[in-house]
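Each residue of the sequence shown is one higher than the last, beginning at 1 in UniProt numbering.
Take the hints with a grain of salt, since some may be wrong.
Beta-carbon label-pair distances, calculated as ranges [claimed, not checked]:
id, residue 1, residue 2, range
1, E264, E321, 17 to 25 Å
2, K657, L744, 38 to 46 Å
3, P592, T384, 47 to 55 Å
4, S348, H399, 24 to 32 Å
Please keep in mind that the hints were generated in silico from the structure rather than gathered at the bench. Glycine included, C-beta positions come from ideal geometry on N, C-alpha and C.
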Amino acid sequence: MCGSLSGTCSTLLFQPLDLVKTRLQTLQNKAKPGAPKVGMFAVFVNVIKTENFFSLWKGISPSFVRCIPGVGIYFSTFYSLKQHFFLDRAPSAGGAVLLGAGARAVAGVSMLPFTVIKTRFESGCYNYVSVVGALRSVYETEGIRTLFSGLTATLLRDAPFSGIYVMFYSQAKRALPPEVSSSAYAPLMNFGCGMVAGVLASLFTQPADVVKTHIQVSPSHWSTADAVRYIYRILSRVKPAVGGESQVSCSEKKKNKTKVPPLEEYLQQRDYLGALTLLEFQRSIGEKEEHADLWIGYCAFHLGDYKRAMEEYKSLTEQPECPADVWVHLACALFFLGLYKEAEEAASKAPVSPLQNRLLFHLAHKFNDEKKLMGFHQNLEDVTQDQLSLASIHYMRSHYQEAIDIYKRLLQNRDLLALKVYVALCYYKLDYYDVSQEVLAVYLQSIPDSTIALNLKACNHFRLYNGKAAEAELKNLIDISSCSFEFAKELIRHNLVVFRGGEGALQVLPPLIDVIPEARLNLVIYYLRQDDVQEAYNLIQDLAPSTPQEYILKGVVNAALGQEIVSRDHLKIAQQFFQLVGCSASECDTIPGRQCMASCFFLLRQFEDVLIYLNSVKGYFYNDDTFNFNFAQAKAALGHYKEAEEVFLLIQSEKMKNDYVYLSWLARCYIMNQRGHLAWELYLKMGTSSDSFSLLQLIANDCYKMGQFYYAAKAFDALEKLDPESNYWEGKRGACVGIFQLILANKESKYVLFFSFLCNSLGLDYTF
Numbered sequence: 001m002c003g004s005l006s007g008t009c010s011t012l013l014f015q016p017l018d019l020v021k022t023r024l025q026t027l028q029n030k031a032k033p034g035a036p037k038v039g040m041f042a043v044f045v046n047v048i049k050t051e052n053f054f055s056l057w058k059g060i061s062p063s064f065v066r067c068i069p070g071v072g073i074y075f076s077t078f079y080s081l082k083q084h085f086f087l088d089r090a091p092s093a094g095g096a097v098l099l100g101a102g103a104r105a106v107a108g109v110s111m112l113p114f115t116v117i118k119t120r121f122e123s124g125c126y127n128y129v130s131v132v133g134a135l136r137s138v139y140e141t142e143g144i145r146t147l148f149s150g151l152t153a154t155l156l157r158d159a160p161f162s163g164i165y166v167m168f169y170s171q172a173k174r175a176l177p178p179e180v181s182s183s184a185y186a187p188l189m190n191f192g193c194g195m196v197a198g199v200l201a202s203l204f205t206q207p208a209d210v211v212k213t214h215i216q217v218s219p220s221h222w223s224t225a226d227a228v229r230y231i232y233r234i235l236s237r238v239k240p241a242v243g244g245e246s247q248v249s250c251s252e253k254k255k256n257k258t259k260v261p262p263l264e265e266y267l268q269q270r271d272y273l274g275a276l277t278l279l280e281f282q283r284s285i286g287e288k289e290e291h292a293d294l295w296i297g298y299c300a301f302h303l304g305d306y307k308r309a310m311e312e313y314k315s316l317t318e319q320p321e322c323p324a325d326v327w328v329h330l331a332c333a334l335f336f337l338g339l340y341k342e343a344e345e346a347a348s349k350a351p352v353s354p355l356q357n358r359l360l361f362h363l364a365h366k367f368n369d370e371k372k373l374m375g376f377h378q379n380l381e382d383v384t385q386d387q388l389s390l391a392s393i394h395y396m397r398s399h400y401q402e403a404i405d406i407y408k409r410l411l412q413n414r415d416l417l418a419l420k421v422y423v424a425l426c427y428y429k430l431d432y433y434d435v436s437q438e439v440l441a442v443y444l445q446s447i448p449d450s451t452i453a454l455n456l457k458a459c460n461h462f463r464l465y466n467g468k469a470a471e472a473e474l475k476n477l478i479d480i481s482s483c484s485f486e487f488a489k490e491l492i493r494h495n496l497v498v499f500r501g502g503e504g505a506l507q508v509l510p511p512l513i514d515v516i517p518e519a520r521l522n523l524v525i526y527y528l529r530q531d532d533v534q535e536a537y538n539l540i541q542d543l544a545p546s547t548p549q550e551y552i553l554k555g556v557v558n559a560a561l562g563q564e565i566v567s568r569d570h571l572k573i574a575q576q577f578f579q580l581v582g583c584s585a586s587e588c589d590t591i592p593g594r595q596c597m598a599s600c601f602f603l604l605r606q607f608e609d610v611l612i613y614l615n616s617v618k619g620y621f622y623n624d625d626t627f628n629f630n631f632a633q634a635k636a637a638l639g640h641y642k643e644a645e646e647v648f649l650l651i652q653s654e655k656m657k658n659d660y661v662y663l664s665w666l667a668r669c670y671i672m673n674q675r676g677h678l679a680w681e682l683y684l685k686m687g688t689s690s691d692s693f694s695l696l697q698l699i700a701n702d703c704y705k706m707g708q709f710y711y712a713a714k715a716f717d718a719l720e721k722l723d724p725e726s727n728y729w730e731g732k733r734g735a736c737v738g739i740f741q742l743i744l745a746n747k748e749s750k751y752v753l754f755f756s757f758l759c760n761s762l763g764l765d766y767t768f
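I would like the entire structure built from these sequences, with the hints used as guidance.
Set out below in structure tokens:
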């Protein structure tokens, strides 16, 4: 209780210093060669100027939530350990280290989620309103794992800090003369000992504290080692080169040290982060550039921080002397935030310009307004920006070849190297992944750290190889994505879910449904894999399909729902979607197109046609359980039981092998191939359920039909015991007569009846 009270007081008193410490640690993300160094006082002033005085206590709520129970946990653990191990003696220096480290480790792990929220509050990169809201936001968007991010770094900081602190504090108190400890100056001396111990402990653990802050503020640092490497690179790039330099005078060094590149230089180099850092610094010290607010919005927009850009432009529109073209810039920011109605309203207030026309052109596409779309299309000119806008619309309407034609024409200007990425994207959409890689490699040789290019490379690896290969490529984006690059973060989180087979889908994908088009489709796929067909249908039923993938997915969902609720209407819709894709000129000769035609004929029960299409692509799916399941069913439906049995036995999925459809078809194949004993073994392995009763009926009737009367008799006997109907008695009687006929014809062993009678009398199951 005393520890919690003292911790509350110290938190309230020193929270501003904690906030400044966090801001200084995260400023490394924006550090650039030649950029001015920012100290503690400058951060104090900047927070008060740009926010307000009480913003210095931002994060006080999670600090209280973390501190009050955390300090209590620490002291209670500390004294429990001390009483257990050092009840009759004072701990040595090493013992004091272990006591403090152990107690702090327990408290640190217990309060880690609140530490993450506290760090994010203080960093200024997140707009959380409350602790509960922050916890909910992190859990829903990044998963529970993020709430425990930086665990290793936290332990490397907290455990050594407390251990070293306790050691120095204990040793310092022992060094005091006994008369001082009992004098009136004892509290002051204790304070001095604590301050010295705290400073020394902080010196040892500060690096771990910096690493912890970076991991918790930027979840793209997936491990402590990654964060350390990232910080090392950041620090290396701001250090001047050493060695091999001519000596210069002190005055010249001082002049060079204070020289800061002008804003124009940053903009020419497309170093928007450096430009934004410079503009913010100048704003904080009262030396604003001309049109600084416009440039801040411009830089934030190009960094993908559209919310920040929107806020800057909105504040400008509220000024009486606002330039008219600010409205179109605001509209662009709103467009990228998905606020299309607001973007249209803002664009309508801007003067007529090519940029306004291009924006309205894209808004017409978003609103599916073909009339307006064609009107703005006619206003486009044969200039690079307008042609790029037209190619973008072609791309979004799945006219990939038309987009490639425009890009190739524009690539006659060799300076437009980024068009290589657009061409690679089009080839990716056309399923030419190897061609996409070749085109992309040219661009990556010049711009090896491009976020979009590296992401596309990872996606190509996913299609060509597997999820692990794609994830390895995606890790190259760790250094590029920062708290100012929100789009990259969303893209990385989305693709990681896909590469990891749906891990974290419910936390990551729902907020991205209206941001990344593929997020909705991937969430539908996740629901299908979880057998939650109704949720998948609810998510996709209002989607107007425009791409083959969307048609296929809607067909799959309707087929699954139709089978689940026995709805002919849904099955009919699915069959039409599959037929539409399979008969289209662009898809008819592709693997997905042929699979669609096979699915269409499967639903129509035209199994000969099903086999024609499946045989044409079976070389690509030899080890695919789903393909083999459908392939075997089609063969069995046509009476090719021997081949069907072989394909059924290739299936490895336990879930599929426990499905009644699989068991019933395999049992039928066994019986038709004169191996009724294997069908009976399938029944014996099943538990008591309606499915086992249905399988028993199938075995009884099919074995009777195929002359395997012994197993028919056993099945009818079991059915009669479960449901004493005359049909089962008559079936058993007929099967027994059949056994006698087989014995008389020397087609069945005469010992069958004897052993069967003996086992039945003993209550045993006999299988011949």
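Index of numbered hints that the structure contradicts, given in increasing order: 3
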